[in-house]
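4 protein chains.
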Amino acid sequence: MKNTTSKSAILLIHCADQKGIVISVTEFIYKNGGNILYLDQHVDTERQVFFMRIEWDLHDFVIADEKIGEYFETLVAGRFSMNWRLHFSDEVPRMALFVSRLPHCFYDILARYEAGEWKVEIPLIISNHNDMQNAARRLGIDYAYLPISRENRAEQERKQLELLGQYRIDFIVLARYMQILGDVLIGNYPDRIINIHHSFLPAFPGARPYHSAHERGVKIIGATSHYATAELDAGPIIEQDVVRVSHENSIEDMIRKGRDLEKIVLARAVWNHLHHNVLVYQNRTVVFE
Amino acid sequence: MKNTTSKSAILLIHCADQKGIVISVTEFIYKNGGNILYLDQHVDTERQVFFMRIEWDLHDFVIADEKIGEYFETLVAGRFSMNWRLHFSDEVPRMALFVSRLPHCFYDILARYEAGEWKVEIPLIISNHNDMQNAARRLGIDYAYLPISRENRAEQERKQLELLGQYRIDFIVLARYMQILGDVLIGNYPDRIINIHHSFLPAFPGARPYHSAHERGVKIIGATSHYATAELDAGPIIEQDVVRVSHENSIEDMIRKGRDLEKIVLARAVWNHLHHNVLVYQNRTVVFE
Amino acid sequence: MKNTTSKSAILLIHCADQKGIVISVTEFIYKNGGNILYLDQHVDTERQVFFMRIEWDLHDFVIADEKIGEYFETLVAGRFSMNWRLHFSDEVPRMALFVSRLPHCFYDILARYEAGEWKVEIPLIISNHNDMQNAARRLGIDYAYLPISRENRAEQERKQLELLGQYRIDFIVLARYMQILGDVLIGNYPDRIINIHHSFLPAFPGARPYHSAHERGVKIIGATSHYATAELDAGPIIEQDVVRVSHENSIEDMIRKGRDLEKIVLARAVWNHLHHNVLVYQNRTVVFE
Amino acid sequence: MKNTTSKSAILLIHCADQKGIVISVTEFIYKNGGNILYLDQHVDTERQVFFMRIEWDLHDFVIADEKIGEYFETLVAGRFSMNWRLHFSDEVPRMALFVSRLPHCFYDILARYEAGEWKVEIPLIISNHNDMQNAARRLGIDYAYLPISRENRAEQERKQLELLGQYRIDFIVLARYMQILGDVLIGNYPDRIINIHHSFLPAFPGARPYHSAHERGVKIIGATSHYATAELDAGPIIEQDVVRVSHENSIEDMIRKGRDLEKIVLARAVWNHLHHNVLVYQNRTVVFE
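As given, the protein sequences belong to chains A, B, C and D, one line each in that order. The opening position of the first sequence corresponds to residue 563 in our numbering, with each subsequent residue numbered one higher. The opening position of the second sequence corresponds to residue 563 in our numbering, with each subsequent residue numbered one higher. The opening position of the third sequence corresponds to residue 563 in our numbering, with each subsequent residue numbered one higher. The opening position of the fourth sequence corresponds to residue 563 in our numbering, with each subsequent residue numbered one higher.
Among the hints, erroneous ones may be present.
Same chains, same names: a pair is fine if it fits in one copy or spans any two.
Unchecked claim - The list that follows gives simulated cross-link-like pairs (lysine to any residue, SDA-like), each with its CA atoms no further than 20 angstroms apart:
#, residue 1, residue 2
1, K593, R641
2, K581, Y675
3, K721, P685
4, K721, G749
5, K593, L637
6, K681, F623
7, K593, F642
Everything labelled a hint here was simulated from the structure, so no lab data went into it. In this text the structure is predicted, and so the values were computed from the model without any measurement.
Put together the whole structure using the sequences plus the hints.
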């Protein structure tokens, strides 16, 4: 991938496949002084859908940043009925982190944050437990302790929504958050809630997948990061990976091996989300890596 | 693993976990002049079951080969209510190969056979199609063409059983055989029918798993080799492996990548079966590799 | 990747990175009635080199097939000082297979050939041994038995060259061919001789890599497919893969595990070569998969 | 692996392969009331060396813990000229952590420590930089800042040795510590200094392996955890793993992907060291997992 110190624009597009899309998009950029840094396109031939991620250097681009969207819609996108999103390389998205009691994904994300691995702001942690408060405090991140019971669920979900709005959160990462999210929350953040499930989906959805994997006697276990949707563990998959197990591995061994897998898989998904590499279409992802 | 040019015995044991099993088995071998080449044991702590594979050199062993079973039962196994199987390193098991029209696993097995990779005899190929007759003929393997229809299914299954008996078949390999086996056949060869399923079970059992994997948008596909049981695609798993796919891969690409995976996974399972590395207990395998 | 039943053209390009390359190439295709099926580009930012693979449907393309190269050179390539190659989807390249005595890669390739997995013609097998003659004969492939000794090496290499010319060979696959190729032969087929080396290069080049891997105590072994160059085992790498080993694995176990790895890695490299996915630049490959 | 709540003993043995080793060791345990929880043995048939890891429950064992070593030496080990080490399951080894400026492995280890993943005490961090002082302080770990220059190297190494003694350190983990250790230090902690090297050794030893990997155009990168020895990057390998890269990956991408690999591989090596799973013999490891 090209590196550039100057600012660049990233355009993510999908639409019905037609002749002339590539030329129209590249012409729009080139004729207006943009230097294409990176172009990736893909056609889903079964569904006849075209996907593109294109990134260009804005240094000599003649259209002002805040006008690019309007011009692109008028000159190109409208003609092809494109769905598109525009991002700039200097954006710093705001992430909210949801966590319960299992710390491995949570700590891993905070370590990356502290080390500056990701271009992201984490202003808010939401948890149904108190355990991680110290970790949040030492990094200066606000920590909302919202315990969930059958009685207060609706009330707490309203508070979550308020907080997410108040902190202007762009996307949410569920770092082994053990509660089911409210429908309104999920509906408000489409393709912007990243979950990690501790199995190789669609095998072993739901609770206790390592127990099920052990019971079934599989020789490989996995982890899956996906966008949360209304249907549990059924959202579009962003990343998966696996690790070998054997008859010698107890459920505890699987949980231990799985921890490392979960944090790596979740981190890769977040990284791709942050770099605007992910397009969702009909519950599947196109990941331009 | 130890290599030895002289003949060795292999004992596979499982029983309820108790004190004194290891010492009793090793004593039986040592006191009678056997040199232990390889010992592997495993305890399933949840089910409290003990598993062992032990191999010893017969060069100075004082008990005659044909008496070892009787002596072991009397002196050791009976006391611990052991389930056990005894094999000798100079046995050459007889394999029947079932195939339909997809040739990749079939050709791969024949190439290994021709190259002498496996210590096995393949006297019989059974197929519901005629396609592979030439390949069988050039290796001098008998080929039974038994097309299956709704009407003749019972009749053909009876013929299959007769042939398997007539050719003194020890175990069966289903090299992408696209027919469901009869219950009697499955019942007659418990833990001795090795199937290859073209998905990462328990994900995508049944027909057209690559289509389902593509539809679900998984990022990794797999193959699973297992012993066939009465319940389809639910038998004890011997070996699994996976390969990465991306949004760029069509179903055809998945099928292509899967072919290579299937043949490797099936071959590993057969190899472990041939080396008496596999113990089955409660629908799971212990694979002593 | 897009599938199309009609004929398509594939253009592989590399040149110094400059503004306007993508637009110029896509314009050339679009303005002349071509429908872009697949476009992949890459910029090596360190070396400032641009790479592209573009494929388009020729159904409505107004330039005759045999004129495309000339027009492209005149209208586009010359301006950017491009290196380029043009292929057509209906080409069937002619492969020569070199083999010694180890059969696994050889059999695997012939099985794929027989099964029609690859769009390729194999008119010629060259070997310094007689062993594989039968396999060649049954597929109707000519087999040149050219044993190599210190004395006849130069003479045999001349014969190899003659045969390659006579059979109009496009590219060569060394299926564990255990002889070093002559410099003239290597010079005549730049980036068109595909070798498989049985290690994870650059670890363990040269002879007996499994022995060296065992000696060093590595926990993973690999295989590498690369284009042969004058320097042994140092050519541009097309594909690599690995498999886990443990202290329990003897050298024989490594050789056995490695066999499966070698044939898969070699097959993937050949597949990518056949699909014109591979560009070589400064001893490295760009593989557009 | 068996779990037990009561205390167990772990014996690691290697010696020249002879008849009667297994029976002698198991007899020693069984006759004295020990219940074998786990037994793994391995014979290196080329070198004719026998390796064993055996763990037994001490609940009914009649020999007092502090006498087991003496009795074992007298009754068993002496006879076979065994090298052996005895551990108890309730030991909590003391680890010193060496770090420079790269934080990923360091943070990962501290997160595991804080989460209680490992049975270990970390009383001391040694660094040639000041950067990680805060992380150490918040976990209450002493931090020795010992900057290294050509002039003070010998002096600082003496201080390191003093600190290691003073804190009764059992083993050292080099979490991307960028200095070469002194020979005395290495000599004092044989097979007890765990390093992580950011390549698939023996490929790319020394400095800047990701740069070399990129230059060579490999398709897979790796990480290797090994015991540090006098010869740089040549010590016995404990664990390795790899991740796929492509032509699209810049050196920065490799470094990013490698970070995750390094921390996982190092953690697995430390885990195996902590569980007394690792035996070293002639610069190779036997890892009983």
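Intra- versus inter-copy proximity for P685 and K721 (alpha-carbon distance at most 20 angstroms): within (16 angstroms within a copy, 42 angstroms between copies)
20 angstroms Cα threshold - placement of F642 relative to K593: For K593 and F642, the Cα distance is within 20 angstroms both inside one copy (19 angstroms) and across copies (18 angstroms).
From the Cα coordinates, with 20 angstroms as the cut-off, is the pair K593 and L637 best called within, between, both, or neither? Cα proximity of K593 and L637: in one copy and across copies (12 angstroms, 19 angstroms).
Given identical chains, is K681 near F623, meaning Cα to Cα at most 20 angstroms, within a copy, between copies, both, or neither? Neither: 24 angstroms inside a copy, 45 angstroms across copies.
Treating 20 angstroms as the Cα threshold, decide for K581 and Y675: within, between, both or neither. neither (43 angstroms within a copy, 36 angstroms between copies)
Intra- versus inter-subunit Cα pairing at 20 angstroms for K593 with R641: Result: close both inside a copy and across copies, 18 angstroms intra and 18 angstroms inter.
Could you figure out if K721 and G749 sit no more than 20 angstroms apart (CA to CA) within one copy, between two copies, both or neither? within (16 angstroms within a copy, 59 angstroms between copies)
Figure legend: structure checked against the earlier numbered hints; hints not met, in rising order: 2, 6.
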